[in-house]
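Peer 1: Using the sequences and the hints, build the whole thing.
2 protein chains.
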Amino acid sequence: METKILKLFKKSPDVYLSGEQVSEALGVSRTAVWKHIEKLRGLGYEFDAVPHLGYRLRKSPDKLYSFEIESFLNTKRIGRNIKYFDTIDSTNTAAYKFAKEGAIEGTAVIAEKQTKGRGRLSREWTSPKHKGIYTSIILRPNMTPYQAPGITLVAAVSVAEALRSSIGIEARIKWPNDILINNKKIAGILTEMEAESDSIKFIILGIGINLNSKFTDLPKGSTSVFEELQRKVSRFEIAVEVFQKLEENYNIFTKEGFSPIRDKWLDLSATLGRRVRATCINRKIEGEAVGIDTDGALKIRLDNGFHEKVMAGDLVLLR
Amino acid sequence: METKILKLFKKSPDVYLSGEQVSEALGVSRTAVWKHIEKLRGLGYEFDAVPHLGYRLRKSPDKLYSFEIESFLNTKRIGRNIKYFDTIDSTNTAAYKFAKEGAIEGTAVIAEKQTKGRGRLSREWTSPKHKGIYTSIILRPNMTPYQAPGITLVAAVSVAEALRSSIGIEARIKWPNDILINNKKIAGILTEMEAESDSIKFIILGIGINLNSKFTDLPKGSTSVFEELQRKVSRFEIAVEVFQKLEENYNIFTKEGFSPIRDKWLDLSATLGRRVRATCINRKIEGEAVGIDTDGALKIRLDNGFHEKVMAGDLVLLR
Chain A
993 METKILKLFK
1003 KSPDVYLSGE
1013 QVSEALGVSR
1023 TAVWKHIEKL
1033 RGLGYEFDAV
1043 PHLGYRLRKS
1053 PDKLYSFEIE
1063 SFLNTKRIGR
1073 NIKYFDTIDS
1083 TNTAAYKFAK
1093 EGAIEGTAVI
1103 AEKQTKGRGR
1113 LSREWTSPKH
1123 KGIYTSIILR
1133 PNMTPYQAPG
1143 ITLVAAVSVA
1153 EALRSSIGIE
1163 ARIKWPNDIL
1173 INNKKIAGIL
1183 TEMEAESDSI
1193 KFIILGIGIN
1203 LNSKFTDLPK
1213 GSTSVFEELQ
1223 RKVSRFEIAV
1233 EVFQKLEENY
1243 NIFTKEGFSP
1253 IRDKWLDLSA
1263 TLGRRVRATC
1273 INRKIEGEAV
1283 GIDTDGALKI
1293 RLDNGFHEKV
1303 MAGDLVLLR
Chain B
993 METKILKLFK
1003 KSPDVYLSGE
1013 QVSEALGVSR
1023 TAVWKHIEKL
1033 RGLGYEFDAV
1043 PHLGYRLRKS
1053 PDKLYSFEIE
1063 SFLNTKRIGR
1073 NIKYFDTIDS
1083 TNTAAYKFAK
1093 EGAIEGTAVI
1103 AEKQTKGRGR
1113 LSREWTSPKH
1123 KGIYTSIILR
1133 PNMTPYQAPG
1143 ITLVAAVSVA
1153 EALRSSIGIE
1163 ARIKWPNDIL
1173 INNKKIAGIL
1183 TEMEAESDSI
1193 KFIILGIGIN
1203 LNSKFTDLPK
1213 GSTSVFEELQ
1223 RKVSRFEIAV
1233 EVFQKLEENY
1243 NIFTKEGFSP
1253 IRDKWLDLSA
1263 TLGRRVRATC
1273 INRKIEGEAV
1283 GIDTDGALKI
1293 RLDNGFHEKV
1303 MAGDLVLLR
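In order, the protein sequences belong to chains A and B.
Per this note's numbering, numbering through the first sequence is continuous, rising by one, with the last residue being 1311.
Per this note's numbering, numbering through the second sequence is continuous, rising by one, with the last residue being 1311.
These aren't lab readings, by the way, just hints derived from the structure by calculation.
Check the hints yourself; a few may be wrong.
Intra- or inter-copy, both count: the list cannot distinguish identical chains.
What the hints assert, rightly or not - List time: in silico DSS-like cross-link candidates among lysine-lysine, alpha-carbon distance up to 25 Å:
id, residue 1, residue 2
1, Lys1092, Lys1193
2, Lys1276, Lys1247
3, Lys1105, Lys1027
4, Lys1092, Lys1108
5, Lys1108, Lys1089
6, Lys1055, Lys1121
7, Lys1291, Lys1301
8, Lys996, Lys1256
From a predicted model like this one, the values you see are computed outputs, not experimental measurements.
Peer 2: Put into C-alpha cells, the structure is as follows:
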C-alpha cells in the first residue's frame, strides 16, 4: 500500500491530493490513507497537510526502501522481491542464505551499509552508509557453470548502461567486472554460485556502486559519481535503472545467448586495444588485449605474436 | 588411540598380545590399554581375553568408523579428517556445512545410512544402512569452475579403479559420472561446488557405492557387488581403497592436468564407441560417442557426420 500511495503522489509532484481522492484511487478508507501517510512520515517522508486541500509529498528520504524502488520499477523479475536492510554484514552473504531457503529468481537484497562488504577473491568492498548502491540479486538460470562468466558480463554491461542512461557519465568496463570512469573504479561486481558440475543451482550477483561518497570514504584508485560530477545523485533512480537494464540484458542472454552481450561489452570496453598484464592462478601474462571469447575469456596477444586466453585473474591496464 | 590399538592388533591377526606388550608399544599404562579395549568392545569389536596370554581381536564390527578406516589409510589429505555418522540426511549436505565452516581439504563425511541421499539433478540416492559406502569429500582446488568437470572424472576413475583393485570386478564408467558393472549402475558421483565466476571456493565430491545391498534394496537398473559376486565384501577395505585412489588421481590432476586422467577415463569407459542419446538442457542428441574433450565434454558423432559436444545432461546407452 505504501508503494501505491507513493506512486500516486510521485505521479503528480507539487500537487495537493485530498484524502478523499487518495482514498478513492486506492480503494481504501480515508482513515487507512491517514495511517499509511503517518507510517511513511515515520520513515522520513515529508508531507504537507493543508485543510481543504489535502496532502502533498514535499520530500522523500534518501533511502533505498523497497516501496521507493518498486514504485518506479517496470521489471517482471529483477527486483520484484526486495529484502531491505539498514545495515548488513554482506548483501551477497544474505542473498546466498535467501537463495538456499528457496527465494525466487530476481529477489534482491539491498542494504544502506555493509559492515563486511565483499569483492572478488575475498577482498573488502567499502560500503559507507547512504553513499552507494549495495545490492545482491538471486538468479536461477537454466545453464551450466561454463556460462556463469557470461552473467558477470551481463551485469557489467547493465551497470555501465544504467550509469550512462541515468546520469550521463561515460562508464566503461574493465575485464572482467570493474566499471570505470576516467580510468578509476566506480563499481564492482561479485558473482558467486552454487552448482553441480554441470548445472547451476543459483547465482548471486553482487553489485556495489560508489555514488555520493567522497575520495576520503574510498580506497585508493576508486572514485564516485559525486567526485566525478561534483553533485549528489539520486540513489534510488540509479538503482531502478540498474534493475531495469539487468532484466533487459539477462533476458537477451537467456534468449539469444552470449553474442549480443559480447557486442555490447566490446562497445563499452576500457580493456580492448590496451596493453595489459594479467595475473592468473599460476602465471603472469603481458600483451595487448585483443578480444573476448565466446566463453567470456579475454584474448591477449603476446609480444611473440602468440595469443593466450585468460579465464580468470586480475588485470592491470598498462597504457 | 583406538586407531593405534586397532592397527597393532590387525597387524598380527590371531595372535594374543599381552597388556604389557600393548602398553609398551603405545607408551600408555596397562590401565589405559584396558579402558580403550573396553571402549572398542562397546563399539562392537570382539576381543578374546585369556589370562597369561593377553588379548586377541576376534572380530571387527561392520562399521565405517573413522579409526577403522584411518588405521589402514596411507593418504596425506583425502580421508585424514573423517566425520562419522550413524544416520544422516545427506553426506553432501553435511560436508557443505563443514566446508562453509572452514573444514580442511580432504575432510570426509561418512554415514552408515542416508535418509535423504541425493544424486545428480535433485534425484534420490538410495542408501540402506550398512549396505554401501556413502561419503562426501571436501576439496579446495586452486582452479576455475571450468575445471570442475575434471574433478568428477577424477572421482569416477578412482571409484572404478578402487573396485577393480580391491575386489577384482570389471567396473566401467558411463559418462559423466556413473560406475557400471555389467551395464548396471553400481556407484554414482555427485559433484557440488561453491564458486565465484572465476575461482572455486570448494567442491563437495559425493560418492555412493552399492556393496552388500540386494536388488530389493535398490532402484531398477541398479546393482550391487553382492548381487554381482554373490558374496559380501568388506566395506571399510573398499572405502580405504577409494580414498587412496582418489588422492592418487587428484594429485595427478592438480599436477599434470586433465590429460592423464582422460587417458585413464577412456580406458575405463563404457560409453565410447556406443550409440548414445544425450538429453541436454534444451535438446536431445543421438549418435555415436567418439571421444572426450579437454574440458570433460562428451563428443558425439551425429548420423549426418557432424560432431556435437555435450557438456551436461543425461545419457542413455542405446546399443
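Peer 1: Taking the numbered hints from earlier one at a time, note which ones the structure violates and give those numbers from smallest to largest.
Peer 2: 3 and 8
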